[in-house]
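Colleague: Residue strings, one per chain:
Number of protein chains: 2
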Amino acid sequence: MAYEVIEVDPSSHARTGKLVTPHGTVRTPAFMPVGTCGSIKGVTPDQLRTTDTDIMLCNTYHLALRPSADVVAEFGGLHKFIGWDGPILTDSGGFQVFSLAELNRIDDDGVEFKSHIDGAILTLSPERSIEIQNKLGADIIMAFDQCPPLPSTPEFVSDAVERTIRWAARSKSAHQRPYEKRSNQEGTGQKLFGIIQGGLDTDLRLRCLNALADIDFDGYAIGGLSVGESHEEMVECLNAVAHHMPIDRPRYLMGVGMPRDIVAAVRSGVDMFDCVLPTRNGRNAYAFTPDGFLKMRNASHKLDNAPLDSTCDCTTCATFTRGYLRHLFQAGEMLGPTLTSIHNIRFFQRLMSRIRQLIPQGKLERIHEEFPVTAHCAKAE
Amino acid sequence: MAYEVIEVDPSSHARTGKLVTPHGTVRTPAFMPVGTCGSIKGVTPDQLRTTDTDIMLCNTYHLALRPSADVVAEFGGLHKFIGWDGPILTDSGGFQVFSLAELNRIDDDGVEFKSHIDGAILTLSPERSIEIQNKLGADIIMAFDQCPPLPSTPEFVSDAVERTIRWAARSKSAHQRPYEKRSNQEGTGQKLFGIIQGGLDTDLRLRCLNALADIDFDGYAIGGLSVGESHEEMVECLNAVAHHMPIDRPRYLMGVGMPRDIVAAVRSGVDMFDCVLPTRNGRNAYAFTPDGFLKMRNASHKLDNAPLDSTCDCTTCATFTRGYLRHLFQAGEMLGPTLTSIHNIRFFQRLMSRIRQLIPQGKLERIHEEFPVTAHCAKAE
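Read top to bottom, the protein sequences are chains A and B. In terms of my numbering, the first sequence has 1122 at position 121, counting the first letter as 1, and numbering is strictly consecutive. In terms of my numbering, the second sequence has 1305 at position 304, counting the first letter as 1, and numbering is strictly consecutive.
Note that these hints are calculated values from the structure, not bench results. Among the hints, erroneous ones may be present.
To be verified - Heads up, simulated BS3-like pairs for lysine-lysine below, C-alpha to C-alpha not over 30 Å straight-line: (1) B:LYS1081 with A:LYS1303; (2) B:LYS1303 with A:LYS1081; (3) A:LYS1019 with A:LYS1081; (4) B:LYS1081 with A:LYS1296; (5) B:LYS1081 with B:LYS1019.
Okay, chain A solo, but in the shape it has when bound (with noise of 0.2 Å):
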């Protein structure tokens, strides 16, 4: 397999592993920042780099938007025209057409909406998505889902496991690229993985996950979490939900999340995360560390000379302090949210590197010792 797990925790679910793609290996568990126009915002490839990023997410919907994934794919795919050569994902437009775009209309067809971005009536459907997604190139391409706002009726929520499910079907069979293992090689191609839908309701999430395994993916996601749910609400259906996920392929978390619901749902067996966060919260001034959030621009860090977290090592606590992190913000320079942003997406990288070493140790555990912040819902100093 292209998938490997390489050590588990014996008092958890918690795995490690090593995913290969056609752009290089992720280390699992593995947390991918956000470039959603192909872009991570304020961030260069050569800045990720330094944050010992493995692979990162770029979402199909606004690429395809705008570039277009004709003109992504005019430049020899994703990789050649963002200047990333590590791996990428791109989703598959299923949240953001839920989440963004005013919807026309909505049936087994597809779903047609307007763009966020000039009103354009536009379409996708599993099939559209998944040739979008070919055009674009990424090494993990996502089946094309109906994500359900979570409070939802049951009904609501069955009807779109459904859809799903003949969504999953569909988008296998449109994939043009199917990923291949080449001997002692990285292989070429896209893998794709299903989308399990089902709210917060196991059963409904075990019968989408059972119907998408018989389908056979390269990895199964979860999707439709951290979509207003509470933090405990959203453990109980991992800790139902995640194990059960077929355990020689990669299970990605969608859109999650905050330092302490990546360590519950590693706990839950999850290898997969992206969030926009870091890059968020730094374009916000706030900063992450191992306590919680600093608010750069407050003005108790007027003449604090510290780094913004004395454990890190990312590019900008090397250089910088907190006094002059909080004058670029205070100044409105663009070098505030570039500097805040690389330090964030290092201090996510730097929590799952801690979580991938203590795992084979067995002691999991003492993630909330070192990084506090995964014990509490984070609050700023």
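Given chain A, put chain B in place with the hints provided.
Modeller: Below, chain B alone, put in the same frame as chain A:
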């Protein structure tokens, strides 16, 4: 001396030299990118180093207002505060006071003005400007001058010249950290440059020049150009004035400029330049090339797989296409300004590097073939 003329152009007043400062040596003719508020907008010090920049400029006016000279001094001075360990020059604040602030009063004592940030009433004087610049700790600091706009009446320009001369003497007296050469070392303290005013009146310029030379500065600047006059008027003034400036001191043309301004000024004998053009144009999606500007928002770049400039060796051109840069600007991504600013700064440094190569060969006129943009008023494609 801590400034050494190395080679002279046999057919013009152009010369190459090296200017030793406590934080390193500046090769002249030199271009200084501008970090108004203590950062080159969107460009980290690491990225700036890749452009082969020897020295950057910071604005005393902006830094004095925010975060204040005392705050910067608390962090050990500008170099440590902003994370740039190369040479830095600070201007005197005079130009900004006369162009950005709302003036309340100007007399021989100094200038009372309203902060453009919060409307606070502040004063600058020769003593106060030098005190602030002593605290900021740049390698080169500037005497406080009165910069008249162009056009102004002869009487107004003449009064400004006489006041600038009086203020120059007071600036030198106020300087608490004069530069001291150490044998075989880069020296300590701060070099102080005088600023020559006089508008387009050659007699007034020479009057100011001679008076400042009598005071004896570490270098001399021409201020009050690029403030509304034509290119031809500026060049005529430079040709009449620059070669009369002390031959053994660096000559700095403040706030200039466009590539053709720089080449003309180098011919007249100028050694140093600063301008916001590379970064301001970069943020506005204008990329410099030897032939002129590229407007990166133009639809013509949509499928363009070429780098911004096929002759350029910058990190942007090494990795990214015009098509991707256009996409970044269309999508409002921060990387568009960052990557274009890096390229534009490198463009200016490549221009300066080639100028430094051609001067000793007596072939400076070849710069117009290699960089046609230096021969005309730069136009967009």
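Colleague: Take the hints in turn and mark each one as holding or not.
Modeller: Quick rundown of the hints versus the structure:
Of the supplied pair hints, the one linking LYS1081 of chain B and LYS1303 of chain A holds, its CA atoms being roughly 15 Å apart against a limit of 30 Å. Among the hinted pairs, LYS1303 of chain B with LYS1081 of chain A is consistent with the structure: their alpha-carbon atoms are about 15 Å apart, no more than 30 Å. Of the pairs offered as hints, the one joining LYS1019 of chain A and LYS1081 of chain A holds, with about 24 Å between alpha carbons and a cut-off of 30 Å not exceeded. Using a Cα cut-off of 30 Å, the hinted pair LYS1081 of chain B and LYS1296 of chain A holds, with the two alpha carbons roughly 22 Å apart.
Pair hint LYS1081 of chain B plus LYS1019 of chain B holds up; C-alpha atoms about 24 Å apart against a cutoff of 30 Å.
Consistency with the previously given hints is maintained throughout, with no hint failing.
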